[in-house]
Structure formats: C-alpha cells, structure tokens
Amino acid sequence: MFQFKKNTRIHIGFVIGMFGIIILSACAPDDLDYTPTAPPPTITPSPTPASGDATNSGGGDTSSTDTKQAQLDAIIASIPVNMPAGAEQWQINTSRGDKGFENPPNVQNGIGRRVYYRTQAASEMQITYAVFDTPELAQAHYERLREVRSTVLRAGTQRDDFPTPNIFGLGTTTGSVALIQDGNYFVEVFIEVYSSVGQNPLVASARQAINVLNAGIARYSTPDLKPARIEAVDVVLPAEFTLGDVVWERDASQNYPEPLEVGNNGLSVRAIYNAEGGREATFTYAVFDNADDAAAFYSETSRQNLSASLRLNPAGQGQTRDDFPQPNVFASGVAYIAAGVFQSNEVFVIVVSLETTSIPEGDPIAELAQQAAAFLQQSLVPTEETVPATDATIEPPEVATEEASDATPEATRQIAG
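So for the sequence shown, my numbering puts the first residue at 3; every next one is plus one.
Among the hints, erroneous ones may be present.
Once the Cα atoms are required to be at most 20 angstroms apart in a straight line, the calculated EDC-like pairs of lysine to aspartate or glutamate come out as [said to hold, decoys possible]:
1) K228 with E194
2) K228 with D295
3) K101 with D184
4) K101 with E126
5) K228 with E260
6) K101 with D295
7) K228 with E126
8) K228 with D291
Have a look at the derived ranges for each label pair, beta carbon to beta carbon [unchecked claim]:
9) D294 with T166: 24 to 34 angstroms
10) D162 with L382: 22 to 32 angstroms
11) R209 with R305: 58 to 68 angstroms
12) R305 with T136: 22 to 32 angstroms
13) D226 with P329: 37 to 47 angstroms
14) T166 with A254: 56 to 66 angstroms
15) P327 with G173: 24 to 34 angstroms
16) E138 with E260: 21 to 31 angstroms
17) G173 with R305: 33 to 43 angstroms
18) T359 with A293: 36 to 46 angstroms
19) P137 with D325: 51 to 61 angstroms
20) E260 with E302: 21 to 31 angstroms
21) D100 with R146: 30 to 40 angstroms
Calculated directly from the structure, the hints in this document are not laboratory data. Note that beta-carbon positions come from the ideal geometry of N, C-alpha and C, so glycine has one too.
Could you put together the complete structure from these sequences and hints?
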C-alpha cells in the first residue's frame with residue numbers, strides 16, 4: 003500500500019536557533035509562498051500559502067480558511083502552461099514572480115493567486131483568481147478593483163456571455179482589463195502589453211480564465227479517487243504470469259517507490275516483466291481526474307513513448323487497431339522493439355512495450371497489451387479482500403487474426419510518426 007508521506011529531519015542547528023527565531027518572527031512577514039516547481043512541459047502549481055498570508059487579511063475561523071484554500075488550490079491546479087488566446091500562444095512567464103506565480107497584494111477578506119503569461123512577441127498578461135467566503139465579499143472586492151482600474155474601465159462595458167457582474171475595458175496595445183465576479187469567486191485579466199497585430203486578446207483570454215475557473219470548481223467538487231484507483235491496479239499486478247508457454251516474472255527492483263505524478267494531475271505505476279530469451283515487457287498505467295486529461299496524456303505519450311519504435315519502423319507509422327479501446331496506436335520496429343498506447347475506461351491510459359533480441363512469432367505486443375488491459379479490468383472489480391497475486395497462470399487472451407491485424411483502409415487508420 004502506498005503512503006503519501008514526507009520525511010522531516012530536525013537539525014540541531016535549527017533547535018539551537020529557535021529562541022532567536024521566535025524573537026525575530028514577531029516582526030517577520032507571514033508570507034509563505036509554495037510555488038509551482040514541476041518542470042516543463044507541464045507545470046503543476048503547488049497549493050497557495052495557507053491562512054495568515056498577505057492575500058488573506060480577513061481572518062475568520064480555520065474551517066472557512068481551509069475551504070477557501072482548497073477551492074483556490076483546485077483552480078491553480080487547473081491552470082494550463084500554454085494557453086491560446088487571440089492571435090498568439092501564451093505561456094507561463096517563469097521569469098516573473100516565483101516561477102510565474104505570486105500572491106496578489108490587494109485581496110482583502112479572501113485569498114488569491116496570480117499567474118503571469120507572455121508570448122514570443124513579448125506580449126505580457128497577468129490573470130488573478132481570488133476566493134471569498136460569500137458573494138458579498140467577492141462583490142466588494144470587484145467594486146474596489148473597478149475603482150482602482152477606473153482609468154481603463156471608465157468606458158468599459160458589461161458582456162452578456164460572461165458571469166455577471168463583469169466589466170471589460172479595451173485599451174490599445176497596453177492596459178486592457180476585465181473584471182469578473184462569479185458567486186464567491188473573482189477573476190481579473192490584465193493585458194499589460196499586446197505586441198501583435200490583430201484583435202485585442204482580452205475577451206479570448208478572459209474566456210480561457212473562466213474555463214480555468216470552472217475546471218477548478220469542478221475539481222474541488224469531485225473527490226480525488228486517483229490514489230485508490232492506481233493503488234488497486236498495482237495490487238492486482240502479479241509477481242508472475244504465464245502467457246501461452248512463456249512465463250513472465252516481475253522485476254520488483256524497477257517498481258516506482260510510489261505513484262509518479264504525470265500529465266495534468268495524473269498518477270502512474272508500472273510493472274516490468276522479464277522472460278527467457280532476453281525479453282522485457284513494461285506495463286505502465288496512468289489515471290486522471292477526467293477523460294480530457296487522460297486524452298491529453300495519451301496524445302503526448304503516443305508521440306513520445308513510441309518515438310523509438312516509429313523511427314525503426316520502415317514505414318515510419320503506427321497503426322490503430324479495432325480490437326482495442328479507442329483511441330490507440332501500436333508500432334513495432336525491426337529490432338524487435340514494439341509498443342502500444344491506448345486509453346481505457348475513460349480516465350486510464352495504458353502503455354505497453356516489449357523489447358527482445360529476436361523477432362518473436364505471432365503478435366506478442368497485442369497479447370501483452372490484452373493482458374495489461376485484463377489486469378486493469380481486474381482492478382476495477384470490487385472484492386472483499388484484494389491480495390497481490392504471487393503466482394498467476396493466465397490463459398492467453400484472444401487476439402486479432404492475421405487478417406484482422408493487417409492494415410486495411412476499413413480497419414486501420416495510419417498515424418504519422
């Protein structure tokens with residue numbers, strides 16, 4: 003069973019200096035900033051600082067603060083690294099704030115988080131999200147910011163296709179602002195500099211910001227089932243299994259020590275199996291909050307994880323198979339290296355790869371992929387007590403016939419590598 007814990011070490015120097023720290027802490031700002039640290043291509047922002055931060059000057063009971071914090075964390079976790087808006091592609095500007103994020107200094111009676119974006123043409127934008135206990139507090143913040151931005155918003159207008167109240171003030175190449183209140187949530191989009199020709203990106207950027215807000219609200223409202231789901235998969239993966247006349251034994255030394263974070267807030271485990279003849283098969287499972295996040299990971303994985311196989315394939319292409327869940331792509335190389343990726347049960351992505359020193363008979367990558375899918379299905383069936391299998395003998399699954407596995411216009415879609 004996986005345990006998500008962090009080890010803490012207490013240093014002697016810290017203990018000795020405690021009295022000095024206590025004295026200094028009375029005048030030190032209570033500004034804890036846990037910033038996103040995940041590397042590209044996906045930035046996974048860590049939770050915003052807890053109560054007592056400069057963004058939360060309203061006090062209040064602990065349960066109220068914890069609720070706002072959880073709501074804001076869910077929004078921040080939904081922020082994309084790359085965001086199309088207007089004529090340009092915007093990317094989080096990690097050179098501003100702390101890796102592109104900071105706590106806005108002007109949120110009263112609530113908590114907030116700001117993210118900075120830029121484009122290759124040096125356009126600059128900031129988007130601020132804030133959460134309050136009540137719609138009345140959110141509206142008070144909306145009205146105060148409307149006064150602060152009065153120069154730009156003096157000729158501003160309200161749009162019917164956004165939550166109300168809202169106001170949009172379009173500048174020329176600088177100073178375009180949108181303020182939007184949605185219940186106890188508040189969003190500000192500020193286009194600081196727009197360097198490109200074409201339509202002002204304010205409305206398109208605000209629409210993307212509202213999409214992030216809605217995704218965060220949905221994320222907060224949905225319980226996180228991923229840890230239990232991915233653990234259930236790992237539990238059913240056996241120490242060995244038999245496929246045809248081949249015994250595959252799991253190499254426990256190559257297991258992840260705990261589920262790996264992948265994609266957009268996903269969790270992953272893997273199992274590596276060895277068989278005679280220098281054969282190695284890898285089963286990798288990843289689970290996500292929703293089908294869209296799983297599809298995005300599938301799309302990225304089908305390009306990256308199959309690249310070695312696709313380069314070795316003389317046709318330079320992969321194949322989609324009708325005998326597997328959609329979407330899927332399979333590829334094999336002349337070495338023999340083969341791999342397959344498919345999305346299953348909406349929120350799962352399975353990656354299966356096989357490496358061997360000689361070209362095997364039949365269609366082993368399809369047989370292994372069917373076996374990997376069977377393990378997933380087994381993990382989804384609730385039982386009174388699920389125990390990891392230590393010696394499983396499994397009949398080979400039915401695989402596609404030679405005719406069915408051939409690429410045909412009706413049954414196979416060629417995917418460019």
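Consistency of the hints with the structure:
1. K228 with E194: Measuring from Cα to Cα gives roughly 38 angstroms; hence the hint is violated.
2. K228 with D295: holds, 13 angstroms
3. K101 with D184: violated, 28 angstroms
4. K101 with E126: holds, 15 angstroms
5. K228 with E260: OK: K228 and E260 at ~13 angstroms, within 20 angstroms.
6. K101 with D295: violated, 23 angstroms
7. K228 with E126: violated, 36 angstroms
8. K228 with D291: Answer holds: K228 to D291 is near 7 angstroms, not above 20 angstroms.
9. D294 with T166: 24 to 34 angstroms: 27 angstroms Cβ-Cβ, so the 24 to 34 angstroms window holds.
10. D162 with L382: 22 to 32 angstroms: Taking Cβ atoms as reference, D162 and L382 lie about 44 angstroms apart, which means the hint is violated.
11. R209 with R305: 58 to 68 angstroms: violated, 28 angstroms
12. R305 with T136: 22 to 32 angstroms: This hint is violated: roughly 46 angstroms between Cβ atoms.
13. D226 with P329: 37 to 47 angstroms: violated, 25 angstroms
14. T166 with A254: 56 to 66 angstroms: holds, 57 angstroms
15. P327 with G173: 24 to 34 angstroms: Since P327 and G173 have Cβ atoms about 49 angstroms apart, the given range 24 to 34 angstroms is violated.
16. E138 with E260: 21 to 31 angstroms: Check failed, 43 angstroms falls outside 21 to 31 angstroms.
17. G173 with R305: 33 to 43 angstroms: At roughly 39 angstroms between Cβ atoms, R305 and G173 fall inside 33 to 43 angstroms, so the hint holds.
18. T359 with A293: 36 to 46 angstroms: Holds, since T359 and A293 (Cβ atoms, about 38 angstroms apart) stay within the stated range.
19. P137 with D325: 51 to 61 angstroms: holds, 52 angstroms
20. E260 with E302: 21 to 31 angstroms: holds, 22 angstroms
21. D100 with R146: 30 to 40 angstroms: violated, 25 angstroms
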